Structure formats: structure tokens, C-alpha cells
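The lines below spell out each chain.
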Amino acid sequence: MLKPNHLIALVFLVSFTSHSTEKMLNHNSVTQVYFGDLHVHTRNSSDAFIFNVRSTPDDAYRYAKGEKIQHALGFPIQSKSGALDFIAITDHAELLGVLPAMADPTQPIAQLELAEGIRSNDRAQVVKSFINIIGDSKSKGYQSKVVDKAVMRSAWLETIEAAEAHNQPGNFTTFIGYEYSSAPNNQNLHRNVIFKSAMVPNAPFSSIDSENPEDLWKWLDKIRKDGIDALAIPHNANVSNGLMFQKLNWEGKPLNKSYAELRMRNEPIVEVTQIKGTSETHPLLSPNDEWANFELYDNLIASTKVATKPGGFVREAYRHGIEIQSNANFNPFQFGLIGSSDSHNAGGSTEESNYHGKAGSLDGSAELRGSIPTQLNKRFGNSDASETFTQWGASGLTGVWAKENTRSALFEAMQRKETFATSGPRISVRFFSGFDFNNSILNDPNIVQNAYKHGHPMGASIATKDGQIPSFIIWATQDINSAPLQRIQVIKGWVKDGKSYEKVIDVVCSDDLRVNPQTNRCPNNFAKVNLENCDFSKDKGSLELKTLWKDKEFEFDQHAFYYVRVLENPSCRWSTWDSIRNGSKPLANITATVQERAWSSPIWFYPASR
Amino acid sequence: MRAMIKSPLLWFFLTGGLLFVVDYFVNNPYQTKDTNQNTIYIGQGEIDKLRAQWKAQSDRQLTDEVFLKLLSSEINQKRLYKEALQIGLDKDDVIIRRRLIQKLRFLTAEITEASEPTNDELLKYYKNNQSNYPPSDNLSFRHILIESLNSSIDVEIDTDVKPDVDWVNLSAPFMHGHSFVDQSIEQLNQKFGPYFIDQIKQLPVGHWSGPVDSLYGRHLVIIDRKQLQSEQLYEEIKETLRRDFLHDKRKENFRLYLAELKTKYPVIFDEENQALKELVNND
Numbered sequence: 001m002l003k004p005n006h007l008i009a010l011v012f013l014v015s016f017t018s019h020s021t022e023k024m025l026n027h028n029s030v031t032q033v034y035f036g037d038l039h040v041h042t043r044n045s046s047d048a049f050i051f052n053v054r055s056t057p058d059d060a061y062r063y064a065k066g067e068k069i070q071h072a073l074g075f076p077i078q079s080k081s082g083a084l085d086f087i088a089i090t091d092h093a094e095l096l097g098v099l100p101a102m103a104d105p106t107q108p109i110a111q112l113e114l115a116e117g118i119r120s121n122d123r124a125q126v127v128k129s130f131i132n133i134i135g136d137s138k139s140k141g142y143q144s145k146v147v148d149k150a151v152m153r154s155a156w157l158e159t160i161e162a163a164e165a166h167n168q169p170g171n172f173t174t175f176i177g178y179e180y181s182s183a184p185n186n187q188n189l190h191r192n193v194i195f196k197s198a199m200v201p202n203a204p205f206s207s208i209d210s211e212n213p214e215d216l217w218k219w220l221d222k223i224r225k226d227g228i229d230a231l232a233i234p235h236n237a238n239v240s241n242g243l244m245f246q247k248l249n250w251e252g253k254p255l256n257k258s259y260a261e262l263r264m265r266n267e268p269i270v271e272v273t274q275i276k277g278t279s280e281t282h283p284l285l286s287p288n289d290e291w292a293n294f295e296l297y298d299n300l301i302a303s304t305k306v307a308t309k310p311g312g313f314v315r316e317a318y319r320h321g322i323e324i325q326s327n328a329n330f331n332p333f334q335f336g337l338i339g340s341s342d343s344h345n346a347g348g349s350t351e352e353s354n355y356h357g358k359a360g361s362l363d364g365s366a367e368l369r370g371s372i373p374t375q376l377n378k379r380f381g382n383s384d385a386s387e388t389f390t391q392w393g394a395s396g397l398t399g400v401w402a403k404e405n406t407r408s409a410l411f412e413a414m415q416r417k418e419t420f421a422t423s424g425p426r427i428s429v430r431f432f433s434g435f436d437f438n439n440s441i442l443n444d445p446n447i448v449q450n451a452y453k454h455g456h457p458m459g460a461s462i463a464t465k466d467g468q469i470p471s472f473i474i475w476a477t478q479d480i481n482s483a484p485l486q487r488i489q490v491i492k493g494w495v496k497d498g499k500s501y502e503k504v505i506d507v508v509c510s511d512d513l514r515v516n517p518q519t520n521r522c523p524n525n526f527a528k529v530n531l532e533n534c535d536f537s538k539d540k541g542s543l544e545l546k547t548l549w550k551d552k553e554f555e556f557d558q559h560a561f562y563y564v565r566v567l568e569n570p571s572c573r574w575s576t577w578d579s580i581r582n583g584s585k586p587l588a589n590i591t592a593t594v595q596e597r598a599w600s601s602p603i604w605f606y607p608a609s610r
Numbered sequence: 001m002r003a004m005i006k007s008p009l010l011w012f013f014l015t016g017g018l019l020f021v022v023d024y025f026v027n028n029p030y031q032t033k034d035t036n037q038n039t040i041y042i043g044q045g046e047i048d049k050l051r052a053q054w055k056a057q058s059d060r061q062l063t064d065e066v067f068l069k070l071l072s073s074e075i076n077q078k079r080l081y082k083e084a085l086q087i088g089l090d091k092d093d094v095i096i097r098r099r100l101i102q103k104l105r106f107l108t109a110e111i112t113e114a115s116e117p118t119n120d121e122l123l124k125y126y127k128n129n130q131s132n133y134p135p136s137d138n139l140s141f142r143h144i145l146i147e148s149l150n151s152s153i154d155v156e157i158d159t160d161v162k163p164d165v166d167w168v169n170l171s172a173p174f175m176h177g178h179s180f181v182d183q184s185i186e187q188l189n190q191k192f193g194p195y196f197i198d199q200i201k202q203l204p205v206g207h208w209s210g211p212v213d214s215l216y217g218r219h220l221v222i223i224d225r226k227q228l229q230s231e232q233l234y235e236e237i238k239e240t241l242r243r244d245f246l247h248d249k250r251k252e253n254f255r256l257y258l259a260e261l262k263t264k265y266p267v268i269f270d271e272e273n274q275a276l277k278e279l280v281n282n283d
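Sequence lines, in order, name chains A and B. Those letters in the first sequence? Residues 1 to 610, per this note's numbering, in order. Those letters in the second sequence? Residues 1 to 283, per this note's numbering, in order.
These aren't lab readings, by the way, just hints derived from the structure by calculation. Just so we're clear, the structure is a prediction, and the values are computed from it rather than from any experiment. Don't be surprised by glycine CBs; every beta carbon is placed ideally from N, CA and C. Where hints are given, some of them may not hold.
Taking CB as the label site, the calculated pair distances span [stated by the list, open to error]:
(1) B:Leu149 / A:Phe435: 25 to 35 Å
(2) B:Gly45 / A:Lys149: 27 to 37 Å
(3) B:Leu279 / A:Asp298: 42 to 52 Å
(4) A:Asn132 / B:Leu279: 38 to 48 Å
List of simulated lysine-lysine pairs, BS3-like, C-alpha gap at most 30 Å [unchecked claim]:
(5) B:Lys238 / A:Lys68
(6) A:Lys253 / A:Lys225
(7) A:Lys196 / A:Lys453
(8) B:Lys251 / A:Lys65
(9) B:Lys103 / A:Lys149
(10) B:Lys124 / A:Lys65
(11) B:Lys103 / A:Lys68
(12) B:Lys226 / A:Lys80
Whole structure, please, built from the sequences with the hints as guidance.
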């Protein structure tokens with residue numbers, strides 16, 4: 001039934017329809033959200049090929065467009081959420097395309113003794129050869145016969161051609177990219193390098209050139225001078241054993257301003273979540289954060305050694321960053337956040353109910369990944385599936401606020417950190433801060449235009465003067481194919497007397513619940529999950545949450561950061577879905593449910609006098 | 001005895017026999033040491049081939065010295081190859097087997113490669129496989145959210161708004177914006193949900209209609225452009241259709257080829273495994 005208000009609105013609209021012009025105004029002339037995956041592997045990565053992955057870059061693009069492709073174990077895989085808006089294929093630059101070439105007996109590289117075992121029918125022999133090949137490439141670098149520049153160049157050209165063939169500006173964006181895979185002593189220092197346009201170098205800078213990421217940054221600076229714009233995105237700080245955000249440089253010296261500028265110029269964003277765990281924070285670092293234990297994983301790369309040192313988590317890096325800034329006026333850890341899959345199946349397994357694992361025949365079935373009782377004695381390194389694959393998570397996705405879906409627009413948004421990460425679902429998150437927001441801005445249909453006009457979006461750095469207190473527009477909508485939202489939180493970090501502190505503050509709750517001002521927590525909304533069929537409570541949670549928030553404890557002369565975390569109601573984890581399909585109960589040592597989430601890039605504050 | 005030696009019939013048989021013997025030695029290659037099969041022949045054809053290969057791979061001039069080295073190397077390779085075949089190194093070699101099968105598959109593909117579909121064939125193929133090519137309707141529309149389901153947002157319409165003012169001002173805030181231009185139904189379903197999009201697809205073009213319900217509340221909608229792709233679609237996807245047609249044709253031809261091979265090479269199972277005969281899929 002039309003209410004009187006609606007009728008009036010309709011009359012007004014009808015009356016000036018005749019005034020409206022033929023030209024369709026795009027009232028989304030500010031930014032819109034685009035979702036994508038900037039970390040995908042195909043058979044050109046040796047650690048995909050070795051697990052029977054035969055998908056090509058072309059297959060990866062088709063998966064990203066919502067089509068069906070084949071998993072290494074022979075079954076079809078397809079995203080249930082439809083096409084992505086953008087994607088980057090980031091195969092490991094080291095030995096790019098080498099293993100597929102070794103498996104082709106007509107290729108010269110296949111004649112190498114080291115290559116023979118790759119073609120064996122004996123699984124153990126294949127893995128053994130693989131280890132020898134990696135070892136040879138690491139110890140001899142370009143002197144190794146397996147580091148075949150011609151083969152790698154051919155694969156790089158294939159990568160470029162496929163990206164160009166699938167790029168559709170305005171509709172579907174592909175980025176040319178690769179993975180720089182430095183991991184000294186299995187400590188992860190990997191970065192994905194993304195190129196802004198089709199202007200790319202003849203060969204990627206890999207860890208064979210140097211294991212020191214500072215050399216990668218210097219190379220990126222150099223090619224930028226030649227007109228090739230690119231950025232690097234570190235990931236898996238959780239398994240870097242503290243190296244990713246350590247407070248020393250490669251040579252062990254304290255960080256300085258030029259280091260910070262070099263790093264921030266080339267690494268404006270960090271991948272905070274992916275299949276091999278989430279690096280936001282850890283219960284030991286954030287004992288007052290009840291949600292700090294989300295999809296933790298701590299095995300160092302290809303090993304069973306567990307990461308132990310600080311420097312492996314983003315929130316802690318943010319805190320160190322503002323500490324350093326308050327002391328020495330530079331911040332080497334002022335990065336934005338994204339999420340990716342790191343799929344080695346040419347397509348992200350980011351839906352809990354549709355999880356197909358990370359790497360082909362390694363974990364492509366419930367039995368192989370240890371989520372159901374199994375007779376298999378699967379060994380990965382020296383551990384079994386329950387110590388590794390069960391801990392892997394169905395993450396993640398990148399959200400970008402950009403004017404249009406093109407390489408330039410998306411790339412520039414990443415450079416200014418107007419990005420957010422999700423653990424898989426397409427949760428949309430808006431986060432602005434300003435000193436002049438009208439109290440009624442939340443109801444303003446032009447809220448976003450006004451927010452840009454009178455404030456700053458996520459990723460910004462704001463100078464503050466005495467008497468100025470910022471307010472924050474915080475707004476999120478759920479992915480309609482996922483669970484409803486439960487709450488939005490602000491995570492604040494600040495420096496007092498040279499030391500940093502952190503706090504998690506619930507700012508808006510679902511179900512009309514109110515935040516308790518004493519505890520800064522929403523009351524429990526008792527959202528439930530049925531572990532027998534994964535149904536979740538239909539009457540709990542919100543489609544959309546929004547608030548205009550002020551920090552009661554804001555002090556203008558403190559260095560601080562604020563970022564937003566959006567939590568869904570609980571839903572089944574992929575391992576529970578595996579159990580249901582198998583007709584068995586979820587295993588006791590695996591978490592049965594998760595709260596999917598999104599994290600915005602922070603907004604930083606610093607006293608204007610500095 | 002003397003009579004026998006003088007007998008013309010005997011000499012006839014002996015001479016004939018001798019002819020057979022001579023013929024055997026002259027024409028039976030397996031008997032002589034220096035046989036045709038073991039001889040490597042180098043003629044102008046082989047020499048031209050070597051020169052051409054060099055030219056294709058190298059920018060440099062082929063000097064006599066280098067050419068002789070190439071030739072010696074080529075001769076040695078031929079010797080090694082013949083010897084390898086003679087001692088049966090190609091038998092039971094998985095790689096060689098794989099490679100030969102690969103070559104044969106390529107050959108059968110090449111035969112079908114040549115036969116491009118006619119327009120009629122392509123149209124028929126499209127009609128028979130239409131479900132594989134669902135039309136992606138595009139919509140351009142604007143909307144305002146006049147009532148929000150989320151009770152934590154308070155929405156009031158300012159009815160004093162003048163008619164020539166921006167229509168967006170009549171709306172509640174909406175995360176995904178108020179205007180959509182040439183968006184596919186899939187993309188819109190992700191933002192609004194399929195129920196809402198199904199409803200607005202049916203609205204007429206060019207004037208505000210509603211209200212239409214969605215997960216977010218109630219909307220008024222104006223469709224600016226509807227593009228039902230079904231008619232256009234065939235032309236747009238012709239290239240994809242052609243590729244798929246040829247792919248299917250190659251598969252079918254290969255299947256027929258395998259069927260021919262099935263009659264040519266029947267399979268027999270030993271007594272213990274007779275049961276498998278029924279279960280094996282020969283396709």
C-alpha cells in the first residue's frame with residue numbers, strides 16, 4: 001500500500017520525468033565498490049603444477065568471470081557468487097612455467113636429469129625431484145640449469161597475453177602480475193607485484209635476483225622512472241616469523257625515514273587474510289579482543305616450524321608505526337588492507353559451503369584435507385593434514401572504492417589505500433572521518449558525496465588541531481548470499497608517552513541492540529547455526545548497519561589510527577560443510593563455525609604541529 | 001647315371017633352381033651385411049634441411065667448418081636412432097608412447113580443423129545448445145529508497161522538495177548508489193537480490209513506477225534502458241559458438257575414430273578377469 005509520503009514522492013518524480021534529459025546521469029559519480037582477487041596461481045607456478053594443477057591463465061580468468069573450470073582432481077569448480085570485478089594472476093616468478101616445460105618431453109629443458117623425475121608415475125619420485133629442483137635453483141640461482149630464462153620468458157609472455165586478452169575496461173579488469181617469493185629459512189617475505197598497465201618489464205624481479213625485499217622496492221622505483229608503474233603487496237605476515245614488520249631493516253639496522261618512504265612508496269597495501277591464515281592480530285598480542293582468534297595459522301612456509309616472534313601481525317605493525325611516528329616523524333607501516341585467496345587451483349575457494357582447497361591434489365578432497373575421519377596418512381613436510389590443511393581458511397577478497405572498473409582507477413585506489421579486506425563474502429564497508437559532518441548526514445542520500453567533500457575516506461592521514469574532534473561515518477551492508485551482519489567495531493590504536501595501546505570498541509549492533517557504554521560491547525544477539533545443515537537464524541542480524549561515531553577519548557595531540565571491523569553472525573566453517581556432506585560429525589579439534597568479517601583500511605591522525 | 005646327367009629336364013630344374021638362389025641373395029636384404037636398412041643416406045634433401053634449420057635458428061652465416069660439424073652430428077644422431085629402434089628401446093617407453101598418442105590425436109584434430117561451419121550449421125548448433133549461452137540482459141535504471149527495512153535508519157522524505165531538484169534527494173541513503181548504467185542481471189542480483197531485479201525487469205521504460213520491495217525496503221524505480229540480448233546475442237557470440245562448434249566436432253570425430261579402432265583392435269581379457277569385459281567403457 002502506498003503511504004501518503006510515497007504518493008507525493010511519486011507525483012513529484014512523475015512530474016519532472018519530462019524534464020529529465022536523455023543523457024543518463026550517473027549519480028554514482030563518486031566511488032563505487034569493486035570486488036576482486038589479486039593473488040591467484042595457475043600451472044605456471046611450480047607448487048601448483050606439482051600437485052597436478054593444469055589450469056592455465058585463461059582458465060583462471062574464466063573462473064573469475066563466473067565460469068566452470070576443472071580442479072586438478074577432475075571435478076568442476078565454480079564460484080557461487082558470480083563474477084569478480086577484477087583479478088590478478090600472480091604466479092611465482094621463480095621457475096615461472098618451468099615445470100610444465102619439464103613435463104613436455106619435446107622441450108630441451110625436459111632433457112635435464114633433474115627434470116626426469118617430474119614425469120614419473122611415482123608420486124614420491126615427483127615430490128623428490130621437485131625438492132631437488134627448488135634446491136638447485138636456490139643454491140645456484142641463474143647458474144642453475146633449471147632456471148631457464150627462455151622458458152620463463154615464454155611463460156611471462158603467456159601471462160601478459162592472457163591478461164590483455166581478458167581485460168575489458170569498464171566491465172572486468174585484469175592486472176598483469178607475479179609473486180616475488182622470498183622466504184629466507186622458510187620465513188615468509190612473499191609479495192605480489194601488480195602492474196598498473198600493460199607497460200611491464202621483460203622479466204619479473206624475483207627472489208633469485210635478491211631475497212631482500214628492499215631490493216625489490218628499489219627495482220620498482222627504477223622501473224617507475226621508465227614509465228612502468230607497479231606496487232607490491234606483502235602477505236602472510238603470520239608466517240614470517242616476525243620478519244615482515246620487524247623494526248629493523250634487512251641488514252639489522254634500525255629503520256629510518258628513507259626506508260619508510262621507500263617501503264610506503266612501493267607497498268601501500270597489505271594482504272591481511274588468505275587461505276594460509278589471517279594476520280590481523282593474535283590472542284597473545286590482543287588479549288582483550290574476543291575475536292582475535294580468527295583463522296590463525298602459524299606454520300612457516302613448507303615446514304612445521306611455528307612462527308613465534310613479534311612482527312607478524314598487522315595491528316601490532318600499525319602500533320609500532322605510530323610509535324615510530326611519534327618519536328621520529330616517519331611511519332614505515334602506514335599501509336591499507338586487502339584480502340585474497342592465494343588459490344593454486346586457478347580460482348579462489350572463498351565460500352565456506354563451496355570450499356575446494358588450496359592446491360590441487362594436495363587438499364582437493366575432504367579426506368585429503370583432514371576435515372573428516374580418514375585412513376589416509378597424508379604427509380605434508382613432517383606434519384599431517386590436521387596440523388596444516390585443517391587450519392587453512394576459505395579467505396579472502398579485496399574491496400576497492402573507485403570511480404570505475406578500469407586498471408588506472410582501481411590501481412590509484414590501491415595507492416591511496418581506499419581498499420578493504422573481507423574473509424570471502426562481499427561485505428561493503430564505508431569509512432570516513434571529518435570535523436564538519438552534519439548530524440543528519442546518515443539520512444542524507446548524498447551521504448557519500450558529502451563525506452568526500454567534508455571529510456576523508458579510509459586510507460587517509462588527517463592532521464588535527466586543538467579543539468577539533470573528528471566524527472566517523474561507519475557503514476556496512478551484508479553480502480546477500482552470506483550471513484547477516486552482527487556488529488561493527490572500531491579498532492583504535494594510540495600513543496601515549498612513547499608507548500602504543502589498542503582498544504576494540506563495538507560501535508553499532510544488529511537487531512536494534514545498543515552498545516553497552518561500560519563494556520563497549522553489543523549484547524549477545526543469540527544468533528545460532530544448526531550444525532546438521534548449516535542453517536543460520538533468519539531473524540537475527542542486520543542487512544545493513546550504520547552509525548556516526550565520535551571517540552570520547554580522542555586527544556588531538558596523540559598519534560592514532562582507527563580502522564573498522566565488520567562481523568557477520570556465525571555461520572558454518574568449510575570443515576563443517578565437509579563433515580555434513582560426508583555424513584559424519586564435525587571433528588572435535590576443528591572450530592565448527594566462523595564469523596566472516598571485513599576490515600577497512602585505517603585512518604591515521606597526527607598533531608598538525610608535527 | 002650318365003643318362004641322368006645328360007637329361008635336359010634335370011638341367012632345366014638345376015638352372016631354374018640356380019635362378020631362385022641368385023634371386024634370393026640379390027634381393028633379400030636381411031642376408032647381406034651392407035643392407036639398405038642400416039645404410040644412412042645423405043642426399044641434397046638432407047643437406048638443404050640442415051641449412052634451413054640453421055638459418056631459422058641462427059643469424060650467423062653457416063661456414064663450411066660449422067656445416068661439416070652439423071652434418072657429422074646429424075649422421076651420428078641417425079645412427080643412434082637406428083640402433084635404438086633395432087634394439088627395441090622404443091618398446092614400453094611411457095614417454096614415447098605418450099608422444100605417439102599425442103601426435104595421433106593432433107592428426108585427427110587437423111582433419112576436422114579444416115571444416116569450418118556454415119552459417120546454417122552454426123545457427124542450428126546455437127539453437128540446439130541455447131541453454132549454454134544464456135542471454136545476459138542488461139539494465140539501466142535509477143531508484144530511490146523510500147522506506148528502509150532497517151529500523152536503525154530513520155527515513156523521512158522532505159515533501160517540500162521542488163520538482164526540478166535532483167530526484168536523489170528524495171531517497172534514503174543506499175550503499176550501492178542510485179543509478180545503474182548497463183549492468184548485467186548477474187551483477188544487479190548480487191547487490192539487490194534476484195527477487196527485486198525480477199520485478200523491475202518487467203517495468204516499462206521511461207517513467208517512475210513502484211513501489212517495489214527489496215531486502216532493503218521499498219523503492220521507486222525508473223528503467224532507463226532495457227537490453228534483452230536474445231536477438232543480438234547470436235551475432236555477439238558467433239566467435240564463441242564457432243570455437244565451441246569446432247571443439248564439439250573434433251570430440252565427436254575423435255569418438256568415431258576410437259570406435260573404428262575398437263573394431264580394428266578388439267580386446268580380450270584372461271579368464272580371471274572376464275567380468276571386467278562388461279564393465280569397461282570403451283569410449
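Verification of the supplied hints:
At roughly 32 Å, the beta carbons of leucine 149 of chain B and phenylalanine 435 of chain A sit within the given window of 25 to 35 Å. Hint check: glycine 45 of chain B to lysine 149 of chain A, Cβ distance near 35 Å, so the stated range 27 to 37 Å holds. Evaluation of the 42 to 52 Å hint for leucine 279 of chain B and aspartate 298 of chain A yields a pass: the beta carbon distance comes to about 48 Å. In this structure the hint that asparagine 132 of chain A and leucine 279 of chain B lie 38 to 48 Å apart at CB holds, the actual value being about 41 Å.
The straight-line distance between the Cα atoms of lysine 238 of chain B and lysine 68 of chain A is roughly 20 Å, inside the 30 Å bound, and the hint therefore holds. Of the pairs offered as hints, the one joining lysine 253 of chain A and lysine 225 of chain A holds, with about 28 Å between alpha carbons and a cut-off of 30 Å not exceeded. For the proposed pair lysine 196 of chain A and lysine 453 of chain A, the alpha carbon gap of about 27 Å is at most 30 Å, so the pair holds. Our distance criterion of 30 Å between C-alpha atoms is met by lysine 251 of chain B and lysine 65 of chain A, whose separation comes to about 25 Å.
Annotation: proposed proximity of lysine 103 of chain B to lysine 149 of chain A holds, straight-line Cα distance about 28 Å (limit 30 Å). Distance hint between lysine 124 of chain B and lysine 65 of chain A is fulfilled; the C-alpha atoms sit about 27 Å from each other, no more than 30 Å. At most 30 Å may separate the alpha-carbon atoms for a hinted pair to count; lysine 103 of chain B and lysine 68 of chain A meet this at roughly 28 Å. A hinted pair counts as satisfied when its Cα atoms are at most 30 Å apart, and lysine 226 of chain B with lysine 80 of chain A qualifies at roughly 26 Å.
Of the numbered hints stated above, none is contradicted by the structure.
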